[in-house]
Structures are given as structure tokens and as C-alpha cells.
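Novice: Residue numbers (my numbering): 3 to 410.
A couple of the hints might just be wrong.
[What the hints assert, rightly or not] Here are the computed distance ranges between Cβ atoms for each label pair: (1) 21 to 399: 29 to 39 angstroms; (2) 180 to 90: 48 to 58 angstroms; (3) 254 to 20: 38 to 48 angstroms; (4) 249 to 186: 25 to 35 angstroms; (5) 95 to 158: 27 to 37 angstroms; (6) 163 to 218: 12 to 22 angstroms; (7) 95 to 212: 44 to 54 angstroms; (8) 376 to 295: 17 to 27 angstroms; (9) 361 to 12: 35 to 45 angstroms; (10) 374 to 270: 41 to 51 angstroms; (11) 374 to 163: 30 to 40 angstroms; (12) 297 to 361: 34 to 44 angstroms.
In short, the hints are calculated from the structure, not lab data.
Owing to the predicted nature of the structure, the values given are computational and were not obtained by experimental measurement.
For every residue, glycine included, the Cβ atom is placed at its ideal position computed from N, Cα and C.
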Amino acid sequence: MIQNKRGFTLVEMLVTMAVFIVVIAISGDAFNSILKHTSKLFRSEESNIEGIVGLEVLRHDLQQAGFGLFTEPWTSEYQEAAALPASAYNDSTDNVPRPFVAGNNIAAVTDTSGDSGAKFDVLADTDYLAIKATTVGRNRVSQKWTYLKYSSNDVYPNSWLSAAENFATNDRVILLRRQIGSTGQSTTIVSDTGGDFYYAYSNTAFSHLTSSGASVYSVYGVDSSPTTPRMPFNRSDYFVARPQDTTSVPSVCAPNSGILYKTTVNLVDGKLNYIPVLDCVADMQIVLGWDMDGNGAVETYSNADGTLFNTPLALASNAVTNTLSNSNNNTAATTPNIRNSLKIVKVYILAQQGRLDPGYTSPSPILTGDVGESSLTRSVNISANGWLNYRWKLYRIIIRPKNLPANQ
């Protein structure tokens with residue numbers, strides 16, 4: 003039997019190797035392309051998850067605005083933030099606190115009152131938002147409340163079934179008295195026997211009070227500290243800033259972009275406690291929707307401080323601006339104010355999505371807001387800032403503050 007014992011020729015080997023190399027090269031290039039796309043997708047989804055989680059904190063605080071605040075003038079004094087920029091949005095020393103206070107396209111300013119001694123540069127032309135309520139604090143006491151019960155010879159606080167929901171002895175709390183009459187509802191802060199606006203909680207702390215059939219007494223937590231709180235509520239401010247310590251800025255962020263911070267005003271010294279909410283932020287803009295005539299519908303939208311609005315009003319042109327400062331009495335239903343007139347709060351945040359991508363060119367400029375409200379917000383010049391090779395996403399938070407009478 004004849005057998006063919008020939009091997010492969012050199013030409014056959016070279017052709018086979020060439021084909022093999024081409025296949026490997028094509029496969030490698032395809033793998034690199036898939037890997038590059040997957041990496042972009044992963045970074046994009048990472049940014050989305052961070053945005054969703056962080057901005058839910060902002061949404062929560064927006065919904066809480068006005069909770070536990072008194073509405074009637076008060077003779078005693080209190081203090082809020084100790085330094086700029088936060089002190090520009092104070093209502094102290096003896097004014098009724100506004101649920102919302104906002105600044106529009108503020109100038110660049112450095113905050114030197116950080117609780118850790120760090121300094122933060124607020125980005126120019128971004129909006130500033132201060133939210134006031136007892137529940138926007140970070141301590142456990144601020145999340146609690148109860149009401150007073152009375153018998154024929156005593157007034158005492160209600161105890162909830164869950165011990166975790168009850169106040170501890172010496173927790174700092176405030177007492178509000180709600181009265182409903184022919185002119186509406188009023189909420190007055192009730193001082194303790196020493197004239198302070200706060201009480202050191204105990205089961206007998208309110209025994210000096212007398213019951214009133216037309217009044218409802220509610221107790222709201224402020225702080226667990228044994229020291230004297232500066233104000234009878236908590237306050238949380240949101241703004242875009244860049245820490246002067248550059249190691250605190252993620253290296254993936256576009257140059258000179260900022261971080262959206264939630265800050266709480268320290269109840270002891272008025273300094274700010276910084277909590278980063280969202281990294282790599284270019285801008286934040288605020289739009290407010292108003293029911294100026296009390297018919298239940300939004301007639302106009304304004305910018306953050308009420309200096310611009312997009313619908314002609316039957317009222318004076320400065321009606322919204324006056325409303326932003328006229329919050330001291332919600333029993334006068336004919337006098338528009340924040341509690342009676344603010345229906346909608348819109349917050350727009352322009353943030354980076356993913357990392358630097360040399361193969362991508364972003365559109366520029368980008369509007370931080372919706373087209374119908376372009377006169378109330380602003381556009382960010384992506385090109386001038388050197389951000390063309392970054393992707394940008396516009397986050398929208400739209401809420402109706404449920405603790406304001408305008409939405410009840």
C-alpha cells in the first residue's frame with residue numbers, strides 16, 4: 003500500500019499563518035471595541051446610580067420643607083448660619099422662618115465656615131437653596147415628633163408603641179400650638195418656663211400648660227445635644243462648590259466642575275457640615291411655580307429669587323419677589339406668601355456622565371432647565387469651559403411641597 007508522506011510546503015505554512023494572524027487581529031480589534039464600549043457603559047451607569055441615590059436625599063428634603071415651623075411672629079430671638087454664603091439666607095433674629103430661601107445665579111464666594119476647617123469655593127452663576135424644617139437635620143431626634151395629651155389635672159406627651167420613635171430624656175425639642183379660627187390656621191411657638199424656645203424633653207416638661215379645646219400642641223425634635231440650639235428648627239442648604247483641597251475632588255471630574263453638597267447648619271456654632279451628594283456638577287438652577295390668586299392653579303413660574311417670571315401677572319410686577327420675603331403670617335389668606343402660594347419647586351442639575359472620552363464631542367451650550375423656562379434659568383457654555391469631551395446629563399427634580407398649605 004502506497005502512502006503519501008509529504009508535509010506542508012513553505013507557501014502553505016505562510017498562507018495559513020497569514021490567515022491566522024488576520025483572524026486574531028480582527029478578533030482582538032473587536033474585543034477592544036467591545037471592551038471600550040462596555041467601559042463607557044459601565045461608567046455611565048455608575049454615574050446614573052450615584053445620581054439617583056444622591057438626589058433622593060435632595061428630593062426628601064424638598065418634600066420636608068416647612069415641617070415643624072411656626073408661622074406667627076415671635077418676641078424671642080434665634081440665630082442661624084454664622085457666615086457667608088449661608089448667612090445671606092437667614093431669617094433670624096426674630097423673624098418667622100421661610101420654608102424655602104433661594105439665591106439666583108450667585109456670585110463666586112468662598113465658604114470658610116466648614117465644620118472641619120476646610121474651605122469651599124461656590125461656583126459662580128449657580129443657584130443656592132436653603133430648606134428649613136425640623137426633619138432636615140441628620141440627628142436621630144430631628145426625625146421624631148409627638149403630641150400632648152391632657153387629663154383633668156395634667157398635660158403630658160404621647161408615647162408611641164415603638165420605643166425607637168419616642169424621645170429620650172433631655173432631647174432638645176420645640177413645642178408648637180396650632181389654632182384654627184375664622185381667619186384660618188396659625189402655628190405659634192410656645193416657650194418653656196424660662197423663656198427659651200426649646201424644651202429639655204421629659205414626661206413632666208409640659209405639665210405647666212393648660213389644655214385648650216381650640217388648640218393642638220405638637221412636639222418636634224431638633225437635636226440630641228445637651229447644649230442650647232441656635233434655632234428652633236433644622237436647616238439644610240444645597241449648592242455647587244469646589245473644595246480648595248483638590249484631593250477631595252474625584253480625578254475623573256471635568257476641570258473646574260464642582261460637587262453638589264448638602265450642608266446642615268450646626269446648631270451649636272452655626273458652621274456648615276458638608277455632605278457630598280453628587281460629583282462632577284456643572285450647574286444647578288431652580289424654578290418656582292406660584293398660585294398668586296389662590297385658585298389652586300399655577301399662574302406663573304419664577305427664577306430662584308423671584309426677580310424674573312415668565313407669565314404676566316395681574317398683580318404688581320414685584321409680586322413674586324414680595325412673596326418670597328412675606329412669609330410671616332399664613333393666617334391672612336389674602337396676602338400671598340410662600341406657604342400659601344408656592345405650588346411647585348423644580349430643581350435642574352447638570353452633571354457629568356462617565357469619564358473623559360476623546361472620541362466624543364458634547365453639544366454646547368447646554369440649557370440647565372426646560373426650553374419653556376429658558377428665560378428663568380441659564381445655559382452652560384461647555385466649549386468655553388473645556389468640557390467638550392465629557393458627556394453631560396440634566397437631572398430634573400419636580401415636587402409639590404406637601405407641608406405647605408398651598409398643596410393641602
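Novice: Hints first: check each against the structure and report whether it holds.
Specialist: Evaluation of the provided hints:
| no. | hint | in the structure |
| --- | --- | --- |
| 1 | 21 to 399: 29 to 39 angstroms | violated (57 angstroms) |
| 2 | 180 to 90: 48 to 58 angstroms | violated (31 angstroms) |
| 3 | 254 to 20: 38 to 48 angstroms | holds (42 angstroms) |
| 4 | 249 to 186: 25 to 35 angstroms | violated (53 angstroms) |
| 5 | 95 to 158: 27 to 37 angstroms | holds (32 angstroms) |
| 6 | 163 to 218: 12 to 22 angstroms | holds (21 angstroms) |
| 7 | 95 to 212: 44 to 54 angstroms | violated (30 angstroms) |
| 8 | 376 to 295: 17 to 27 angstroms | holds (25 angstroms) |
| 9 | 361 to 12: 35 to 45 angstroms | holds (42 angstroms) |
| 10 | 374 to 270: 41 to 51 angstroms | holds (44 angstroms) |
| 11 | 374 to 163: 30 to 40 angstroms | violated (49 angstroms) |
| 12 | 297 to 361: 34 to 44 angstroms | violated (53 angstroms) |
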